[in-house]
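Knowing the structure of chain A, use the given hints to seat chain B on it.
Spelled out, the chains give:
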Amino acid sequence: MQKLVYIFFLSGALSMLAAGCKKMLNVTPKSSITDQNYFTSEGDFDPYVTGIYTSMRSLANNITYGTERSEELIPALNSRFSTAWAQILSPSTGALDYNAWYKAIGNCNLLLYRIQGFSFSDAPDTKARILAETYSLRAYFFFHLTRIIGDAPLMLQAVVNDNVPLLARSPAADVIKQINSDLDSAILLFRSVKNFSPKTYPSKYRFAYGSAQALKADVALWSAKVVGGGDAALNDAIMAINEVQTTGLSLNQNFKNVTGIRAAGNPEVALAAFYLRDETGANYGLNALPYKTGVQGALNIDSLPYCATTSNGQGAYQISTLSRGLFNANPNDKRIPFTWVTERQASGPKISWITKYPGTIYTDDRVSDNDIIMYRLADIYLMKAEAFAALSNTDSAIAYLNLVRERAGNGDYTGATDKLTVEKEILDERGRELFFENKRWYDLVRFHKEGVIDVYQYVPNLAGKTTPLFWPLNSTVLANNSKLTQTDGY
Amino acid sequence: MKSSKTRVRWLLLVATFFLTLSSFGQTIFLSGKVVDSSGKALEGVSVLVKGHKKATATDATGAFNLTIPAGRATLVFSAVGYASKEVAITAEQHTVTIALNRSADAMQDVIIVGYMQQSRKNVTAAVSRLDMAEMKDVTSPNPVLALQGKLPGVSVPVSSGQPGASPVNIIIRGGTRLNVYGTGIGNSGGNAIGSSNATSPLVIVDGVFRPMADVNPYNIESLQVMKDAAATAIYGSQGANGVIVVKTKGGRYNKRMTLTLNHRTTWETASRSLDYMNAEQYLRLARTTVFNTHDALNKDNLLNNGGFSAGTRIYTSPGQYGKDINLTALYDNIVAVEGIDYVNNLLKKGWKTMDDPVNPGTKLLYADNHYQDLLWNTGLTNNENLSIDGGSDKASYFLSANYANQAGTFVGTNYKRYDVLGNFSYRPTENFKLDVMANYQNILPNYVAGFVNELIRGTRITPLIRIFKDNGDPTVGELWSVVNRFHTLKYDQTHVSTERFVSRVAGDWTIAKGLHFRPSVSYYAQDYTYLFMRKGTPADEVQPSTQRQKNENINNTRKMMTDQILQYDFNIGDDHHFSVLGGFNYTRTTGNTVSIGSQRATNDYIYTINEPPTTNVNGTVMSNVTDFGTTLSEDRMASYFGQMTYDYDGRYLFSSSLRYDGYSDFAPDNKYALFPSVAAGWNVAREKFWHVQPVSTLKLRASWGQAGLSTLSITDTYGGYSATQYALGSGILRSSLPNPNLKWETTETMDLATEIGLFNDRINLVVDYYNKVTKDMLASKPLPSEAPFSSITYNNGNLRNRGVEVELGAEVIRAGAFAWKSNFSFAFNRTVITKLPSNGHPKNRQNGQVVWDPGSKQNIEQGGYAEGERPFGIWAFKVLGVFSTDAEAAAWNAKIKDNLASPSGITVGKHAGDYIFADVNGDGVIDQKDQVFMGYRTPSILGGWQNTFTYKGISLRVTMDYALGHLISNGALARSLGQGRAFNEGAPKTALGPDIWQKEGDVGKKYARFSFADYDFGQRNYLRNASLGTNYSYSSDVSTMIQKGDFLAFREISIGYDVPKELLRRTHFTGLNVFASVNNLGYITGYQGFNPETYTGVDGGGYPRPRQYSLGATLKF
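As you go down the protein sequences, you meet chains A and B in turn. Counted from 1, the first sequence has number 165 at position 165 by the working numbering; the numbering is strictly sequential. Counted from 1, the second sequence has number 807 at position 807 by the working numbering; the numbering is strictly sequential.
Errors might be hidden in some of the hints.
[Unchecked claim] If you want the ones that stay clear, here's a sample from chain B, every Cβ over 12 angstroms from chain A, calculated:
no., residue
1, 29
2, 756
3, 792
4, 893
5, 912
6, 1053
[Claimed, not checked] Just the calculated beta-carbon pair ranges, DEER-fashion:
no., chain 1, residue 1, chain 2, residue 2, range
7, A, 165, B, 834, 28 to 34 angstroms
8, B, 880, A, 165, 42 to 48 angstroms
9, B, 887, A, 254, 54 to 60 angstroms
10, B, 336, A, 331, 38 to 44 angstroms
11, B, 606, A, 165, 55 to 61 angstroms
12, B, 353, A, 254, 49 to 55 angstroms
13, A, 279, B, 350, 44 to 50 angstroms
14, A, 460, B, 341, 51 to 57 angstroms
15, B, 595, A, 363, 20 to 26 angstroms
16, B, 382, A, 40, 55 to 61 angstroms
17, B, 1086, A, 165, 51 to 57 angstroms
18, A, 279, B, 887, 33 to 39 angstroms
19, A, 363, B, 880, 53 to 59 angstroms
Hints in this document: simulated from the structure, not taken from any laboratory. Glycine residues also receive a C-beta, built at the ideal position from the N, C-alpha and C atoms.
Pulled out of the complex, with its shape left as it was, chain A reads as follows (with noise of 0.2 angstroms):
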């Protein structure tokens, strides 16, 4: 028994002594990833990237910026929109917090960072094309902020602690300066490469030489009408859809392939978010998808892209009157069955489904994971078309109108081809080819600075308001960055 008693004593004691190494508290994390560990190695850049993406595909899908204060969506069975679709903006009514912006750009920064101490020695080609697609992420990030809020804090360092500069908004003009900076310094990396060819698009769900011209010309045009960048952005928009045409995209004959077609396999698109159901669920689509007690009784129901169930299929928006009129001229748009089809009760027809996006259909339900298309031909060419039509050539921009009309069989364009009367055609084009497609407010920005339109008229909601166009910032932005000032007309 003493001997027992002794062992017991005796390893009390040892573990005592062990106690006495300081490494005793060093413990590795086997399932965390923490800054000790990472970019330490050539290879975690490259991950990095991709995880960015996710950023850009959120944004993508964000519609509350890029429609929902257009003329395109009206409520059908629920109402999910938010008080931007009213109009009804304020500091303290659906004021922005664009903290998810900066935290992707703020990864865009950290990236660029963390790289500078890496040689990529044996693998020069890789370096260039993560750089130049962060630039390009980080020019995206800035250019989506700046149609939001006009001017913006450049924030282009990298937060490694506490310690956050703060810094006042930079005008919207230095903005777009610094995103074309960033697009000049991703199109010559992307063209830096090793057997270098434009046609190259590695993935179009990740951004490519085509992709970050076609970017280039989207700022471009922004910048001209909205930030008074003059006749030269304009040319440069056109420069820069050139390059985009020596990339080999071609319209898709039949246009319900422009949805219908996954984006990998898209000879149309230059750009898009990926969505799968498994690895994301749902898009914005979801909202739009009618449920099918909502549509129960319809004598067409069988073409109504109508969900089990309200998770999958919300029933909150159709197209609006006035988007449908778009299409009156041309009744036989081909574009119209995969824009919207009506429901049709014994009682008369009724809600407009929005069919841009149906969809794919899984053995238990219909989800909403089509891709979402960021840039693609057709919408290019309208922009080329925009941009000839706002330097007075509209024989040019009238060629390029017709590409787009063409496929929706409509024909060549003949109606007046005074400035004003192509640039609204335009407008209304892009309307009809890209509705539902996130784009529109956008749109109706760029024309109605320009003086195309006035969007307090055409826009329903926007009748009898002074809402500016640029959105609010929330009070969380303002109350801690003491350097900011509220947005013009707040």
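Just chain B now, kept in the frame of chain A:
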């Protein structure tokens, strides 16, 4: 007695394994009996020979036998609740009868303070001890519930009646965090949902750090709560939230074996609930409401196309109606499609008809699903305990086995536990003792898995939703996210099991007189397994998003802990008593989780994952994997500590402690921290000059000290990165910012107290005042929005909890055989933020919102956290009344715009029946600036009152507890009246009551009109998204929905009867006690919602606490 021994011989065999019998030396044999002042035999009184190691305990008849050394000896008799007594025995004496006097309170008891034991008289720390009578009547298998209202300053917020469920937390003296009560509304899988950044107090059960919820209450011998730093500083980095020390029962040396059997049966019934309308009332109301409303609803779809449960549709083929989700139909249509016999048969089964209130002349066919009656049942609980204890002079043992099976009131919920505990003590030599504890548990609960979906939303469906199809199968319910409980019960199989093995070996080596070395090692192993299988559901039903889903989640935890303690007790002279202790503790915790999930199983027979990894669906190869991942975690802690106490003649008391703690998850420079404490006391009544007759005890004590909290993850210090996926490729993104400067959170507590005993301690009063300041609170600090994260874990300022606690115990009446003992507790606590990092805002406010301040007549920041303010206020939109007429509303519309109504509601404008919201700042717009302060979510006063009446063998207990000062938003009622975003929530009878606006001209009503989809289409009369509200979608931020939660709860009434010994003489029993009790009888409260015990500000509904009736008996052999 002898024959009973024979009967339990097999048990003895088990026991003897642990027993080592040894013989006595040359001595005198003494037998005796111990009784109380009334002459009643006292069991379990310890009898000790002073100066020797000889000891025994009395049996059930109060008798003891002891061999004492020849010559003069002194015996010490002590028992819990009695004043101990020393009696000198002469050599000639062979029998003795001793009477012990009761001490009204536990003031004489031995108290565990840190790593030492002290007599209560000498303790200088704030320690509350639970009277063990309170544990006797725990109707729930969870002992935490028994603490409610019984210990001053200990808050036990129980929000769920789910069997086995625990409160979100135990909060001692306001806790050390901002959001201790959290924002959740219930729990899922037994775990709280909704965010609470509180951490539980450290719970030490028999020297092992472990959760308290599953400890078998029957095994608990003592439970005490340490509240001030004098008691918690010695636990250093884990002590800040207070410490609960639980000791389980052990055997006694030199005691004959006793076998105790205990059985309890409990019936649980649902207590508070919303009173819903029946089908007829609802159908009438729903149809007229939709028909008449100004809201831009799709009326035709709702009323005539089955758009909601009170809507009709045209059925075209037989069988359609019998499985449709809505029970409402057109009588003529069903007759035409299904035939008159079918309809007559339905009418026989309870279906009814009604003239359509909105289209007279049309006959509606409908039925009431009686869903509430089907869901809520009487739950039956059986609780069996068997224990054996006893001991020789060298060894003692306590063995217990417990089986608890608790069925909840909500159909299909259940909590089952098997528990085996062994406590063995072995004393081979005079100077060495070995204690071994082993505890095995297996917990098998059936919780409601989808708490929000199945309970909060799922139970509120209308009476017109079909629950069972014509063929008897359950329907899916309104939606998969508002699923029919009976569908879940039929198709979903969930097996949850927690196996826990806790063991500890501890030694006590008396190296020299007073010098002890006490090493111990404990090992805690917990394996949690969750198995889920969803069977294939009928093809004609709406399918779940993953079909034939299976999941297996495994979470294994291991905790190894060792203590090495050296203690020296010595005296200098007769009056200077010292105890000095030094020690070391090392703890290592590791965890491993595995979760996998699959879908598209091939059959319904195999519970485990058995699928091929892919399946070809419509020509595409699809992965069947739905979940896939493992994690490993580890943290370590190493500490050195010292503790000392000194007293001079029991009059002047002094104690101090010091702990040096190291924790692996802090950055290298901040890994260690020091936690000191000092305390002093003065037993005034022991002074010679003290001659105030009725005052038998007067003690003043004061303490100061620090304790910490180390709830950090390694990613808070070093930053985190997590995996994401894009376009089927693996990505990594930073998930949190690092803060390598993080240091320990320190809670500094000052405690001043007076303990008074009157009339020979028949009345005891303890009053504590404390001031507790938490410095460098670990919390998230908001960052500018231009940063990549909205916040960072930070040492974010200081928090102060200050309060007073009163504990009053008395033996109010002692008249012959009748006695009334009473215990009253009261605690007032005030939480205030005292310091925040400087950020340029007034009061350095964080997360504030700009609101109009009527006092200063300007917009100022309110809410969030601010220096000098109490956190967690409730703001709401103030209701001035309800528009009586459309004309009245139109006049208002012309002047004021309500920007917070739904977008389509803004277009429609206000009408009769809508709320008139106050435009507080008079700017003609209702917006977030018009929020007004209502009060606070958390109570400031908590307490309880326990009474025990005894008369001979009968004892009656009545306990109550109360809370004052908190507000609750009646979210459940608000959602039912406005239907939130839905069309299929049942309506409470309130919607037809006298308080609600129902028709043009109704004046002075409290509630706005009943409506559908108030949030989506309406005026947002009930749900407004206040930026300073509780920010919880199941709460309401409208002033009329917010009520005071003050309550007095009648927690328990129980009666027990000790069957007199004379009646048992002919049996084999040595004791029989029968008892009956009722728990959770009800409340006195003005609050009208489900649960006045809601301290989160949100009463969203959920699983109400049941009323429990129980009967049982304890039998001893």
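Please name the hints from earlier in the document that this structure breaks, with their numbers sorted from lowest to highest.
3, 18
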